[in-house]
Amino acid sequence: METNPKSTLIVTRRSPCQGGIAKSALDTVLAMAVFDQPVALLFQGEGVLQLLPDQATELLGRGSLSRQLESLPLYDIDSLFVDAPAARHYGLDLTLCALAISPLEDSQIRDLMLQHHTVLGF
Amino acid sequence: MILHTLSAAPGDSVYLDCLRFVGEEDALLLVGSGVYGALKGSASEAALLDCGARLFILSAHAEAAGVRNVSGLFTMLDMAGFVTLTEQYPRQLAWH
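First to last, the sequence lines map onto chains A and B. Going by the working numbering, the letters in the first sequence line up with residues -18 to 103, in that order. Going by the working numbering, the letters in the second sequence line up with residues 146 to 241, in that order.
In case anyone wonders, no lab produced these hints; they're calculated from the structure. Incorrect hints may appear among the rest.
To be verified - One-sided excerpt, in silico: chain B residues whose CB lies under 10 Å from chain A:
hint, residue
1, S158
2, L238
3, A239
Glycine included, C-beta positions come from ideal geometry on N, C-alpha and C.
Looking at chain A on its own, in the form it has when it is part of the complex:
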């Protein structure tokens, strides 16, 4: 199996409502991209809820995670993946998602992890 020597997969597993951990995952992705490190992002489990459209986080006085997510292509971050069974579990319609994102089944997610040198879970 091909493994890029420096590639990193970030796995984000918490909903935007659970503290700042979803934001930390995203900040890590952006920091890696700024330093030209190959990086991929996987939304897993409850983390798929970050992809819900029309999040009005300003009502809670928080910054918008979804707006930041939408900026990922501007940083040439286009390796974006979503846990398809979790998306189905939460009834998420991925066609409403503003990002071009690839749904993966369980065995494909495992392959994705093995294709990266480092896997960081958030």
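For chain A, the structure is supplied; the task is to place chain B on it using the hints.
Coordinates of chain B only, in the frame set by chain A:
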């Protein structure tokens, strides 16, 4: 081969997600609240014993949590044992 370190409590969605992805060639180390998963006779213990991976528990965390008398299928590790385990697996994935 992945070393999974699981610190989420059983019942947490992350705990269940971890068990979905653990493979038979992997190792699973329970730390923090994850040690409650090894409570004897619990549903979470049954799920762990069923997952096929090599099973470890960080002994200091288990003792601190009062999780004793666990199944012999779990190997108790001290910190030095944890370090040795990380040397055996090229990838480590934290679930918390």
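Next on the checklist: Checking hints one by one. Is L238 (chain B) an interface residue toward chain A, by the C-beta closer than 10 Å rule?
Outcome noted: holds, 5 Å
Item to check | Status of the A239 (chain B) interface restraint (C-beta, 10 Å, chain A) | outcome: Since the shortest Cβ distance to chain A is 5 Å, the answer is holds.
Next on the checklist: Hint validation: S158 (chain B) versus chain A, beta carbon distance must be below 10 Å. Holds or violated?
Outcome noted: holds, 5 Å
When held up to the earlier numbered hints, the structure conflicts with none and fits them all.
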